[in-house]
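K.L.:
What follows is the residue order along each chain.
Protein chains: 2
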Amino acid sequence: MSFQPYRSPSTGRPVRAVLFDTFGTVVDWRTGVAQEVAAFAAAHGHTLDAGAFADRWRALYQPAMEAIRTGERGFTKLDTLHRENLDEALRHFGIDPDQVSSGILAELNKSWHRLPAWPDSVEGLASIRRHYIVGPLSNGNTSLLLDMARNAGLPWDVIIGSDMTRTYKPLPEAYLRTAEFLDLEPGEVMLAAAHNSDLHAARETGLATAFIARPTEHGPGQTADLAPEGDWDLAASSITELARGLVQQLQS
Amino acid sequence: MSFQPYRSPSTGRPVRAVLFDTFGTVVDWRTGVAQEVAAFAAAHGHTLDAGAFADRWRALYQPAMEAIRTGERGFTKLDTLHRENLDEALRHFGIDPDQVSSGILAELNKSWHRLPAWPDSVEGLASIRRHYIVGPLSNGNTSLLLDMARNAGLPWDVIIGSDMTRTYKPLPEAYLRTAEFLDLEPGEVMLAAAHNSDLHAARETGLATAFIARPTEHGPGQTADLAPEGDWDLAASSITELARGLVQQLQS
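Chains as they are written, first to last, in UniProt numbering: chain A, 1 to 252; chain B, 1 to 252.
Any given hint might turn out to be false.
Identical chains share a label here; the pair holds if one copy fits it or two copies do between them.
[As the list claims (entries may be wrong)] Straight-line Cα separation of at most 25 Å, SDA-like style, residue types lysine to any residue; simulated pairs: (1) K110 <-> A67; (2) K110 <-> S2; (3) K110 <-> D157; (4) K110 <-> P5; (5) K110 <-> R16; (6) K110 <-> T80.
Worth flagging that the hints you see were computed from the coordinates, not collected in a lab.
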């Protein structure tokens, strides 16, 4: 028996590295952020819907990166954008951030470094890692992704943060520079993501693609990204299921 | 009992990340390269001293990087420098590289991706990792360091290759940009290395320092770097011994 790497029908290449979108695909940002927001609110006597606060904070994520993608603003790492967006989210909920100590806000901002993995993530990544390079392909900066990995036990081989590619998905350079650091052709890299838009951009730049369904990423009322919306190479309901699709044993 | 991180006397800061020089400190480049050179020579009917070939190949390493450090040449990754130096080493041993297929030379060049760990490295890194971030701080490029880690089982948390900092040690930026990716102050990062010159440069930029003795890195007749030549924070004869020095339990 010899191991045959999965060959992507769309790229025609054997996959060498399986890289993962993180927020939503590997970790449950809404639950993790809401828990820390609820603790912050309780400690400071604020009454708020912590899930709604997490949604609001997250809603400011794409607009903040967009200013950088368009070149309107120089590259700024995600920790800084999250911190700015926290001020705006607090104001939206009637809390004046200037009345809260900067140390407490810095700690709350680090909730993005401590997000819990989905139940299948650690086992699925460990399975895939036996045969493929595994890493994040995330808009998170290196120190955020590193803290997240140590906290959640994510067994990455390598972490290439957006502060290393100095760009944000879905710009093509985010995918291409990551493949270049790995010394791989784009077609030898697979992006696994819970977001169809991310997979569209990855395919445009020549990567292999896998959809992972995360139907409660946005809470119980989620309406988008419930199913694959493209003919992605693979589609699975968990990272453990993706692992089974990637591991094919052929008689040698 | 609570864990107290090691506090560097020279920086006055608790250490958060312990980063390692790799070639010589974590892996035995001379043995690894010589083995692959010997196999190449045997397969192609050449008679040569494989250890001397490894020494010659390695001797071209610093001069090749120096052209980049001075700005004479733009940043070029170590895989490319190794490949150029291989041609020169072959010629030195009377072998015309143009008479060897490029595929075979590319494979021989990858011997640097497959270097064996010193016997204490994997266990020592795993111990240190329980309490500190561990990673390489090497002139190797990311894909080289990643392959080395997968082959030798080095349990890095993060790999920041020289193609990410786009400079070579001992220039200050090599150390400082690495600390910046980790979002740490230089004094919270410790460099562990078998080379006093590397530790001198690290201390100049404000890092904590640890010497690891590797008295056979250059073979049985080694004369340099047999002992610490500075008042480095720690000195050890193995990474397992360094781990013991870094793990101090204090009554809380």
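K.L.:
With reference to the structure, classify each hint as holding or not holding.
P.N.:
The hints, checked one at a time:
no., hint, in the structure
1, K110 <-> A67, "within (23 Å within a copy, 41 Å between copies)"
2, K110 <-> S2, "between (44 Å within a copy, 22 Å between copies)"
3, K110 <-> D157, "both (23 Å within a copy, 19 Å between copies)"
4, K110 <-> P5, "between (37 Å within a copy, 21 Å between copies)"
5, K110 <-> R16, "between (32 Å within a copy, 17 Å between copies)"
6, K110 <-> T80, "within (11 Å within a copy, 39 Å between copies)"
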